[in-house]
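Engineer: Sequence:
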Amino acid sequence: MINYKQLHHFWTVARAGGIVRGAERSGLAPQTLSGQIATLETELGVSLFKRQGRGLALTDTGRVALDYAEEIFRLGDELEEAIRSRASGRAVPFRVGVADVVPKTIAWLLLAPSMTLAEPMRIVCREGKFDALLGELAIHKLDVVLADGPMPPNMDVRGYSHKLSESTIGFFAAPGLAASLNSDFPHSLNGAPLLLPGSEAAVRGPLLRWLDAAGLKPHIVGEFDDSALMRAFAEAGAGIFPSALAVGEQLCRQDAMVHLGTAEDVVETYYAISVERRLTHPAVRAISAAANERRQPD
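The numbering of the sequence shown is numbering that gives the first Met the number 0, which starts it at 0 and goes up by one.
These are calculated hints, taken from the structure and not from any lab test.
Please read all numbers here as calculations on a predicted model, not as lab measurements.
From the three backbone atoms N, C-alpha and C, an ideal C-beta is built for every residue, glycine too.
Incorrect hints may have been included.
[What the hints assert, rightly or not] Listed next, with one range per pair, are the computed distances between beta-carbon atoms:
{"hint": "1", "residue 1": "P92", "residue 2": "D130", "range": "20 to 26 Å"}
{"hint": "2", "residue 1": "A111", "residue 2": "E222", "range": "37 to 43 Å"}
{"hint": "3", "residue 1": "N291", "residue 2": "R50", "range": "47 to 53 Å"}
{"hint": "4", "residue 1": "G260", "residue 2": "I82", "range": "51 to 57 Å"}
{"hint": "5", "residue 1": "A56", "residue 2": "K4", "range": "19 to 25 Å"}
{"hint": "6", "residue 1": "D130", "residue 2": "R20", "range": "24 to 30 Å"}
{"hint": "7", "residue 1": "S198", "residue 2": "G236", "range": "22 to 28 Å"}
{"hint": "8", "residue 1": "T58", "residue 2": "A235", "range": "56 to 62 Å"}
{"hint": "9", "residue 1": "Q253", "residue 2": "Y67", "range": "42 to 48 Å"}
Use the sequences and the hints to build the structure in full.
Structural biologist: What follows is the structure in structure tokens.
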């Protein structure tokens, strides 16, 4: 079995960028750290570091080992926090980043299963730009990020995308605006005021392509990075807006919006992005299990 104390010494040195800085952080002598890492390398039969100038650099194997060490010690921190919370009766924190392009109603639907667990949870939601949230996820300030797309392949952040839900896109308008349009959807969109999600929204491109393929030329009067702000403009009658049909009934019932029609070929997909391949946080497992259940055929 791997010696986790030695692995922790390796992890400390790798994150610090060298033996001396690692010794300063750990309070151990440089010779002790160096000896522990050498023992670990002997046990594993590999080299984890190589000489680079006057310092050390990770080998390819060392980078793989560091990835696993990051996950192992993050889980250790979560275990300690969960046990202490349970022992003291405190709620376990569930730290969620929600990309600002994800509609708030969708975020609630996806996160709702985490609020019904027998184990008390304290959900902490942070909203922001996708890239910034991934940065917080990478340094374990967040347990999961909700987004409208998977982990970008060009990001220098290790993460895993877990598909939660997908929904066809519909078009909605306030009653006054809806009454002024003809009922021949989608041609009723021609020349009509339209609100669009901003350039960072994954659904924007498919929407524009759908409009172009149908020969439709609406009058784009606004673009919004924040889905809640776009919805507020729509409720005020400023324009038609696209939204996932998963929340269409709520839009019509609670907000008195009118469903004009559906873009059958445009689908928005939502993901939970985590730093772990296998989900371990009970709240993340709950939302993933609920999503899998929703996707099962009747």
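Engineer: Against this structure, judge whether each hint is valid.
Structural biologist: Okay, the hints, checked on the actual structure:
no. : hint                    : in the structure
1   : P92 - D130: 20 to 26 Å  : holds, 23 Å
2   : A111 - E222: 37 to 43 Å : violated, 29 Å
3   : N291 - R50: 47 to 53 Å  : holds, 48 Å
4   : G260 - I82: 51 to 57 Å  : holds, 53 Å
5   : A56 - K4: 19 to 25 Å    : holds, 23 Å
6   : D130 - R20: 24 to 30 Å  : holds, 28 Å
7   : S198 - G236: 22 to 28 Å : holds, 25 Å
8   : T58 - A235: 56 to 62 Å  : holds, 59 Å
9   : Q253 - Y67: 42 to 48 Å  : holds, 47 Å
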